[in-house]
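Trainee: Chain by chain, the residues:
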Amino acid sequence: MKVIRGAVDEMWSVMEQMVGSVFRHGLPLTDKIAARTALTNFVLHIHPVRVRRSWIRMSYTLCLGGLSFFLFIVLTVTGLYLMFYYVPSINHAYQDMRDLQFVVTFGGLIRNMHRWAAHAMVITVWLHMARVFLTGSYKKPREFNWGVGTVLLLITLLLSFTGYLLPWDQLSIWAVTVGTNMAKYAPIAGPYTRYLMLGGHAVGDATLLRFYVMHVVGLPLIGFLLMVVHFWRVRKDGFSGGL
Amino acid sequence: MAADFKRFIEDSREMSRRSFLAIAGWVGFTVASAIALFQSVKFIQPNATYEDPPAFKPAGDLALPSSYAVGSTTVIIDKRVVINRDSNGFYAISLICTHLGCTPRYFPDVTSDLVLAGTQISKDPDTGQQATRGNPILPGFKCPCHGSRYFRDADNFFGPAPRPMDRVHIELAKDGKLFIDRSIIVDHQYRLKV
Numbered sequence: 001m002k003v004i005r006g007a008v009d010e011m012w013s014v015m016e017q018m019v020g021s022v023f024r025h026g027l028p029l030t031d032k033i034a035a036r037t038a039l040t041n042f043v044l045h046i047h048p049v050r051v052r053r054s055w056i057r058m059s060y061t062l063c064l065g066g067l068s069f070f071l072f073i074v075l076t077v078t079g080l081y082l083m084f085y086y087v088p089s090i091n092h093a094y095q096d097m098r099d100l101q102f103v104v105t106f107g108g109l110i111r112n113m114h115r116w117a118a119h120a121m122v123i124t125v126w127l128h129m130a131r132v133f134l135t136g137s138y139k140k141p142r143e144f145n146w147g148v149g150t151v152l153l154l155i156t157l158l159l160s161f162t163g164y165l166l167p168w169d170q171l172s173i174w175a176v177t178v179g180t181n182m183a184k185y186a187p188i189a190g191p192y193t194r195y196l197m198l199g200g201h202a203v204g205d206a207t208l209l210r211f212y213v214m215h216v217v218g219l220p221l222i223g224f225l226l227m228v229v230h231f232w233r234v235r236k237d238g239f240s241g242g243l
Numbered sequence: 244m245a246a247d248f249k250r251f252i253e254d255s256r257e258m259s260r261r262s263f264l265a266i267a268g269w270v271g272f273t274v275a276s277a278i279a280l281f282q283s284v285k286f287i288q289p290n291a292t293y294e295d296p297p298a299f300k301p302a303g304d305l306a307l308p309s310s311y312a313v314g315s316t317t318v319i320i321d322k323r324v325v326i327n328r329d330s331n332g333f334y335a336i337s338l339i340c341t342h343l344g345c346t347p348r349y350f351p352d353v354t355s356d357l358v359l360a361g362t363q364i365s366k367d368p369d370t371g372q373q374a375t376r377g378n379p380i381l382p383g384f385k386c387p388c389h390g391s392r393y394f395r396d397a398d399n400f401f402g403p404a405p406r407p408m409d410r411v412h413i414e415l416a417k418d419g420k421l422f423i424d425r426s427i428i429v430d431h432q433y434r435l436k437v
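Protein chains in written order, with this note's numbering: chain V, 1 to 243; chain W, 244 to 437.
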């Protein structure tokens with residue numbers, strides 16, 4: 001009996017140690033415990049330890065930055081799903097897109113989520129920028145973060161542009177023909193830039209592959225790293241609302 | 244900033260081993276990074292593209308000049324080329340819109356709707372033809388992207404296109420078939436006489 005009791009106690013203490021190693025501070029019953037939890041937890045550290053109600057007034061921020069980030073997550077997850085069926089080659093791309101739309105279970109839902117979230121993200125990023133401008137939140141000491149934000153806007157637009165080619169329908173091909181011809185009008189480096197973008201002289205297999213690589217790896221990775229900096233600076237420069 | 248730089252220069256007159264190595268290290272790092280950047284750009288620049296070659300011979304029925312009637316316009320859509328035959332010879336048009344590069348499409352009538360709407364349409368500088376109320380229908384090309392329009396001989400007359408579509412080299416090969424090179428742009432007077 002004593003042996004069994006000892007074993008149970010032993011197991012209990014191991015369990016306690018395991019749970020305690022994850023939840024170190026217990027329930028956040030006081031402000032002090034809550035603050036310590038937020039400070040030492042990886043997920044919660046993104047959130048400030050202390051937030052004034054006035055800082056996060058919805059009528060001030062309209063949550064546009066948060067919505068943009070939420071849509072970025074939606075796009076990352078749905079994009080990952082789409083990659084299971086999509087092959088970036090001119091012989092497969094259009095058929096794979098049609099299969100996703102009409103053959104794959106819930107494929108239409110995932111594709112449309114990706115499509116609509118992409119449209120919505122361009123809109124929310126623009127509105128976020130407009131809000132920051134109109135409330136003067138780009139001023140000192142937040143000039144650097146405004147700069148990071150403009151690069152993030154550019155990356156959002158480039159993601160939108162590269163994604164536009166991937167269905168490989170008539171609209172895609174000619175939109176990218178038009179877009180890369182615009183790049184050609186740039187002085188001196190224009191024609192060379194177009195050659196690098198297309199991987200040739202006209203929109204083709206090489207173009208589809210490089211747009212795909214930039215769309216699924218290159219641009220999201222740069223965007224993610226800049227977002228980390230962007231959110232960090234929001235924290236460090238302080239919130240502009242309700243001063 | 245300026246004071247820092249001045250002090251840096253003054254210090255450098257009597258440079259310590261430590262700061263010399265630090266500067267040498269940073270210079271090395273910068274040069275290596277510049278080379279890496281150069282290599283990255285060179286790497287994504289294809290040296291061979293395996294695209295459709297610019298020179299070709301029209302296949303099948305379109306191979307021989309005798310299969311083109313005088314006054315005919317023939318679109319070879321896969322090659323984005325048009326072959327026109329007039330009384331004074333053949334000429335080829337590169338079917339790429341001079342606005343932003345889409346492919347204009349042939350229509351037997353590209354003018355009558357504009358004439359009816361009262362739009363003044365300029366005279367074709369090469370043929371002297373003009374669409375009027377009395378004679379509203381002229382054949383030509385319309386671009387689906389932004390609505391540029393061209394006469395049958397590639398001269399632009401409506402929409403955002405800034406100049407006529409390019410005329411490209413056409414000749415008769417030794418085997419008597421037509422030969423077109425899209426990489427050679429020729430002037431508007433060029434004709435292949437057969």
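To be clear, the hints were calculated from the coordinates, so they are not data collected in a lab. Computed from a predicted structure; not experimentally measured. Just so you know, even glycine gets a beta-carbon here, dropped at the ideal spot from N, CA and C. Certain hints may be false.
[Said to hold, decoys possible] Facing chain W, from chain V, some residues (calculated, C-beta under 7 Å):
no.	residue
1	V178
2	T193
3	L196
[Said to hold, decoys possible] When the alpha-carbon atoms are kept at most 35 Å apart in a straight line, the in silico DSBU-like pairs for lysine-lysine are as follows:
no.	chain 1	residue 1	chain 2	residue 2
4	W	K285	W	K366
5	W	K366	W	K385
6	W	K366	W	K417
7	W	K385	W	K322
8	V	K184	V	K32
9	W	K417	V	K236
10	W	K436	W	K420
11	V	K2	W	K436
12	W	K300	W	K366
13	W	K322	W	K366
14	W	K249	V	K184
15	W	K285	V	K184
16	W	K249	W	K285
17	W	K420	W	K322
18	W	K300	W	K420
19	W	K285	W	K417
20	W	K249	V	K236
21	W	K249	W	K322
22	W	K285	W	K300
23	V	K140	W	K249
24	V	K140	W	K322
25	W	K417	W	K436
26	V	K32	V	K236
27	W	K249	V	K139
Trainee: Just pull the numbers of the violated hints for me, sorted ascending.
Mentor: 2, 4, 6, 8, 9, 11, 14, 16, 19, 21, 24
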